[in-house]
Structures are given as C-alpha cells and as structure tokens.
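Asker: As a plain string of letters, each chain reads:
2 protein chains.
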Amino acid sequence: MQTPWDHRFAQRTQRMGSSAIRELLKLTEEPDIISFGGGMPAPDVFPANEMSEACVRVLRDIGDLALQYGSTEGFRPLREMIVRHTARYGIQVTPDNVLITSGSQQALDLLGKILINPGDRILVESPTYLGALQAWSAYGAEYVTVPMDENGMVTDALEDALRSGPKFIYVLPNFQNPTGVTLSLERRHKLLELADRYGVPIVEDDPYGQLRYEGENLPSVVDLDSQFRYSGEACYSGNVIYLSTFSKILAPGLRLAWVVAPAQVIRKLTQAKQGADLHTATFNQCVAYEVARGGFLDRHIETIREVYGHRRNVMLGAMDAYFPPGVEWTHPQGGLFLWGVLPETINAADVLKVAIEKRVAFVPGAPFYATGGGHNTMRLNFSHAKPEKIQEGIARLGAVLYEKMGLQVNY
Amino acid sequence: MQTPWDHRFAQRTQRMGSSAIRELLKLTEEPDIISFGGGMPAPDVFPANEMSEACVRVLRDIGDLALQYGSTEGFRPLREMIVRHTARYGIQVTPDNVLITSGSQQALDLLGKILINPGDRILVESPTYLGALQAWSAYGAEYVTVPMDENGMVTDALEDALRSGPKFIYVLPNFQNPTGVTLSLERRHKLLELADRYGVPIVEDDPYGQLRYEGENLPSVVDLDSQFRYSGEACYSGNVIYLSTFSKILAPGLRLAWVVAPAQVIRKLTQAKQGADLHTATFNQCVAYEVARGGFLDRHIETIREVYGHRRNVMLGAMDAYFPPGVEWTHPQGGLFLWGVLPETINAADVLKVAIEKRVAFVPGAPFYATGGGHNTMRLNFSHAKPEKIQEGIARLGAVLYEKMGLQVNY
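Protein chains in written order, with this note's numbering: chain A, 141 to 551; chain B, 141 to 551.
The shape of chain A in the complex, shown without the other chains (with noise of 0.2 angstroms):
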C-alpha cells in the first residue's frame, strides 16, 4: 500500500538500519533452536517471587505514588539508592548526579541527543558494543576507532586517534560487550592519562561489573579518573559519564538503567528525555528499590555468579572439545559474551546459515565494527542457555565450523 508518508522520511532515517542482533533474534524465537545469540539473562535467576512480592507492597503502600506521572529525574529514592551504590565503589556523588532511564540504550541515546552534531567523530573500541552505534548513527555520528585485544582497548593505538579530535571516548572497560575482555589496570591509567593530555572526556558503560566469575575487581574509570584528579579523594571528577543498568542484575524486562554524570550534563539529559518519554516508568522504579532496599540484590548477585560462571566453564570446556584448530575464542573473566575468531577464510555470515540449519545460532562479530572488518568474527552469549544446551549447542556449532573449514572431525 503506498502512503503519503513513503517520501516524508526524514534524511537522519537513511542511517537507521534495523540491528542486526534482533533481526537475528526473531529468527532464533523458534524452541528447538539453541540460541548463544542474543545478550539475555537467564530466566533462571529472575527472582519472580521477590518482584511479586515487591509488586503487592508498592500496590498496597504507595499505589497513588507508583501508577501516577513522576519526575523526569527519577524516583527520588531509588536515585538515593544509586549514590549509596556509587560510594561504595569510592566515589561521593549527589542526586543531581544520577538520572534514571529506560534502559542504558536510553542512555545511550539521549548523550546523543545532547552531545552529537552531525559529523562529530566519537572514539569507539573496535568492535564495540552495536546498540550504541545504533543511537549515535542517527543523530549523525562518524567513529574513529581503536582495536581490541586481550586485554581491551590497545592503548598504544589511542594516541594517533585522539589526534582526529573525537567529542569522546567510548568505552566498556569489564568484560566488554561484545568480546568479553575486561581492560586491564595499567591501560585503565594509560587510557586517563591520554584522555587528559588531549582533553577529551569519556562514557564509560558498565553493565557488567558485577558478575566478575574469576579475578580481581578492578577499579571503574570513574573512579580511577577521580582519584587521578584529586589525589586519592573520594570527590567525583565530572570527566567520565557512567553507565549501569538492572537488566542484568534484577530482569531486562523493567527497562532501568542509570547515569551518573555532572550536574549539568544531568539537567541537558533530562530536558532531553523530557521529549523523549516524560520519564521512566513510575511503577517500575518503585518495584526495583523495594526489590532492591533490604540488600536482596547482593545475595541476588552471588547467585547469578554462580549460575553464569558455571555456564561460561561449560561453553569454554565445550569449545575445547569440540571447535576445530584454528578457531580462536576469547576467555573472559565475567559478563555474559565471548567471542571467536575464525580463520581469514571464513566468513561468520556464512557459517551463521548452516548453524541454523542445524539448529544452532550466534552472532556474526562484522556489525560491532563501526568502520568495516571482523566478517571472521563471532559472539557467543554464555547466559541464557542451560548447561546442558550449551553443551549440545557448542557439539553443533562445533561440526558446523569443521564442515566449513574443509576439516575432518578428529574428535
């Protein structure tokens, strides 16, 4: 059916492409596929019975507050909640620090909205996470790009890129979506001094710092970057906007996240998301402090810990038995991703086919590159599927890469 509006589209949507991520998720909806495709956590560890409980509280307490229209800024409360939360990380921060929003990719999009002219180059990790190329390539974002390895973001190569005078960086420090690195202690410095000498602040998003499986925590750039200004003080330095979220602590499905940023960025944020959806859900907000307030969420964390770090082990122990030389994967310390590297020849697009022939799904790494590269590049999601599927999943995947690489199966 042709439309009056089929030529009214604005130029900003010929940018827009659909992600790839969830395309690919519709595809693999079907039950018998094993799908190490999307970013989800596992139904198992949603504490349905805490929520439900929550839920009949807020009802019955604060009802009027929790179904009526709220402040932009966020429950005053739950906002309370995240600067209790953010100083036991080693930084002191105020209400007017922290916004609430519909999830990080809100945030993600409203620093777009008030920080991106159309053109403006902003440093991304090669690959990077795809939901914020997705926000930023709208308001008319260009990158300029630094490669990952091991150890995360190659500060060597940082150095000629901040030369291109990027507006920011962008960065995931832990266990890092989509490779699963975590950026180690000595390029966390390295990156802050670099950004300090060429004066460019950073985005720092972190929604997987709390399910570390192995090793030490580490110190956010927030924090490092706070104390590198102020010699050790616990004052916030205002140079690094954070990002976190519940999706992966509490459930995806109430869309809460939060940024913690100066004050003025903060107010910039809220005058955007003013526009954008008014605020985020009332209820929701209400639900996740009462869930959150008698310390369940900590206890909560050690067991999706224990649930996810044994499902990482299973994938790693099975892609041991059952990948084919030549494959190389990342072995990441927590999160919910790792990510394999095929040889030169193939291409993950292709192999993405066969897999779901067999009824077994990834996704391809070529769409987290925000200037070209990785078509040999693959993420794997470790969270979602049960031990058992991951097992029989890998086997599958397994034969699949041997079929493609021209191997026999030695195993």
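Hints were generated in silico from the structure; no laboratory data involved. Any given hint might turn out to be false.
Note that the list lumps identical chains together, so a pair holds whenever it fits in one copy or between two copies.
Result set (SDA-like, lysine to any residue): computed pairs, CA atoms no more than 25 angstroms apart in a straight line [as the list claims (entries may be wrong)]:
1. K529 to D490
2. K529 to I202
3. K529 to D204
4. K498 to A539
5. K330 to V340
6. K526 to R352
7. K330 to R148
8. K529 to L205
9. K529 to S211
10. K493 to P527
11. K526 to S211
12. K526 to I202
13. K330 to A297
Got chain A sorted already, so can you dock chain B onto it with the hints?
Answerer: Showing chain B alone in chain A's frame:
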C-alpha cells in the same frame, strides 16, 4: 564545577527548553497547594487491587517472559488487543500496523525522529499540546498554526496554512490538550477534504477519546478518512497516524501507549525505537494486557467518566460562582482540561505568582502557542483534585483574579 562536557553540547540542545509545565509541577508538589497544573489522572480511580492481582498472576504464570527482553514492536497479545479495540471503532488493521511505545510522548518523539528534517514545517493547532512542540523542536521543526475556537481548529483558516507546505498536520480532535474543545463533525470532514486536496497527511493524537461526559461520540479522524477513501469500507487508509494511550484509562505510571500507522511507518518507528530504548518494558505490557483482557477496562472507564464528569461540573459551577466578569472559559465535553481566557491586559504568568502565594496553581497558556501569543490564557485540570478541593481552589483563584483585575469581589 567546570567539566569538559560544558562546551560539548550539541546545537540542537539550544532548541530544547525545559518544559514549563514540568518545572511548575515541581513547584506545586507542596501538599498545601491545590494544583490544577498537571495533567494527572485522579489516584482515586487507579485500579491498584486489579493491578496487584495481575502482577501476581503474570509473575506466576509467565514470569520468564515478562521479566525478559522483548520485541521492539511490543508484546504480541497486547498488539492484537489493540487491533480488536481499533476494529470496534470501525477500522481493520493488523498487528503490523501497531507499535507499543513508552507513553505517547515517545510516539511523538519517534515520529519526529523519522519524519522531521531541520526546517520542516508542522501544521499545529494554536494552542496545541506542549509535549509535541518539545519533542519536535529538538529535531529542528518549525510550525505553521491554525487558530482554535469552541469547535476546534478553525478549518476556514486551514487552507492558507496548508499552502505553506507542511510535512503533516497534527490534531487533537477530542477534548484537546490544552483547551478541552472538540473538533466538530463538520470540521472533521472539512479537515480531511483539505488535507486530501493538498496531499498532506495527518497525525491524530487521541489520549482522551474514551473519556466523554456528555454528548455523542464523534468518529475519529482516522475512521472518517478511511470511510472517505474507501466509500464506507472498514479498511485503514494509511493517511492518518493515530496515537492513543493507557495513561488516562489505566495508569500513567506504567508508561504505555500505542501508535496505529501504515506498516512501512511502523517499520521505521521500530528502527528508531530500537536505538531509543530497545523496547517498552515487557512486564508493564504483560500486566496491562492481564488487567484489560477480561473486559475490566471497559467497566473501569465508566467509573472514570463518572468521577471526572462530576469534577468537571464542580469546577464549572465554582467558576460561575467565583470568577469575575470578563473571564471566559471553555465547557469541555470530556477529557481532563478546561481553558480560561483573561482580559487582554492581564498576564496569566503574573496571576500564577500571586496564585501560588494563595496556595493554588494552574498552567499559564503561553507555552502552548507554537508561534507566540496567549499571554492572557490559562489551562486548568479538573481530573486530579477532589471535588471539595476544586471548590476551594477555584474560590482562591477567583479572589486572585478579582484582585489582579482591580475588581471588588461581588459574591
């Protein structure tokens, strides 16, 4: 504190003012102020018990789905329910014509994102909904306006405005925000005829359509347009994009609304929404569906109509009793608002300052005018305050108006 972000804000932030309404709402949160300012439903009609029971059932029966990531288009059973709801009003659509949004404000924002190039003119009523101006100005929209009278948009002035080549017409035909007036049937036909002659499509925003307290329901613009083009057949024409919401019939704290549009427009909106917030909270969609599916909402809307209809009558009666001669106001047949016009010499913003001292508040009308004017107008909400508070608040406001207009109170 100075930060490196201060000089990095995008140019579009200069067009993003903070909403006067929302800043005012903060001011009037003190409990002793009687506020006619917000557009808030009465907490008296929030179905907290039904919501509570629905939450428990959803988390017990489909918790895994309700707490997980969902599709950007929205929860399928809810979209199918909206298809059935739309059919009751005469138009056949499919789920491909429906997108669930995080409140109607998000629908307005996404429409701006996919349709508005900087400098595009949008044809709006004068005055019109402030939130639409706020959303679209961020994308560089300019406005051409058509005046309102007691029968809605003055269609005799429409042709001139259409000659300026607007991208689309934005209209709130039922109990308009802010004026409370309804577009007459004759003018609905005239609007469609002129829109067709000039080839300009329409965005119909209908948050209050089901909240009519007197008079006959009028067919929606989307309905009439489909009849107009298909000689009475119930097939959706695609020329009108229709917006509505659960905020006024269930609860605004859920942030749930919907768009009906041609499938290709829904696809573009879906791409934009992926980048904006991935999807609307799955949990909220499941709970709203669970509350609505047994027919509860139809019965609940009857309750809302009774409560709000009574409050409207109380406010109109109190205005007759307490407002000075020389002030005029609309007599809405539904919705949440009425509109006052003061003598030309009186500035409503000045009145508000004195009113707040007397512990009563409203919204000055000027910000609702896209191209200036309206300094002597005011919006009054009659849904939120209880009848005795309405009585008392209007008496206080009447006294302020007598004083400001230099008149002796004569009651």
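Asker: Against this structure, judge whether each hint is valid.
Answerer: Going through the hints against the structure:
In this assembly of identical chains, K529 and D490 lie within 25 angstroms of each other by CA distance solely inside one copy; the values are 23 angstroms within and 68 angstroms between copies. In this assembly of identical chains, K529 and I202 lie within 25 angstroms of each other by CA distance solely across copies; the values are 22 angstroms between and 42 angstroms within a copy. In this assembly of identical chains, the alpha carbons of K529 and D204 lie at most 25 angstroms apart only when taken from different copies (18 angstroms versus 45 angstroms within one copy). Taking the shortest Cα distances, K498 and A539 sit within 25 angstroms of each other inside one copy (9 angstroms), while across copies they are farther apart (78 angstroms).
Taking the shortest alpha-carbon separations for K330 and V340, only the intra-copy value of 13 angstroms comes in at or below 25 angstroms, while the best inter-copy value is 56 angstroms. Taking CA atoms no more than 25 angstroms apart as the test, K526 paired with R352 passes inside one copy only; the shortest distance there is 19 angstroms, against 52 angstroms between copies. For the identical chains of this complex, K330 and R148 are inter-copy neighbours only, at 23 angstroms across copies versus 47 angstroms inside a copy, given an alpha-carbon limit of 25 angstroms. For the homomeric pair K529 and L205, the shortest alpha-carbon distance between copies (19 angstroms) is at most 25 angstroms, but the shortest distance inside one copy (43 angstroms) is not.
For a Cα distance limit of 25 angstroms, the shortest separation of K529 from S211 across copies, 23 angstroms, qualifies, whereas the shortest one inside one copy, 44 angstroms, does not. Taking the shortest Cα distances, K493 and P527 sit within 25 angstroms of each other inside one copy (24 angstroms), while across copies they are farther apart (65 angstroms). Taking the shortest alpha-carbon separations for K526 and S211, only the inter-copy value of 22 angstroms comes in at or below 25 angstroms, while the best intra-copy value is 40 angstroms. In this assembly of identical chains, K526 and I202 lie within 25 angstroms of each other by CA distance solely across copies; the values are 18 angstroms between and 38 angstroms within a copy.
With identical chains, the CA atoms of K330 and A297 are at most 25 angstroms apart within one copy only, with a shortest distance of 11 angstroms there and 64 angstroms across copies.
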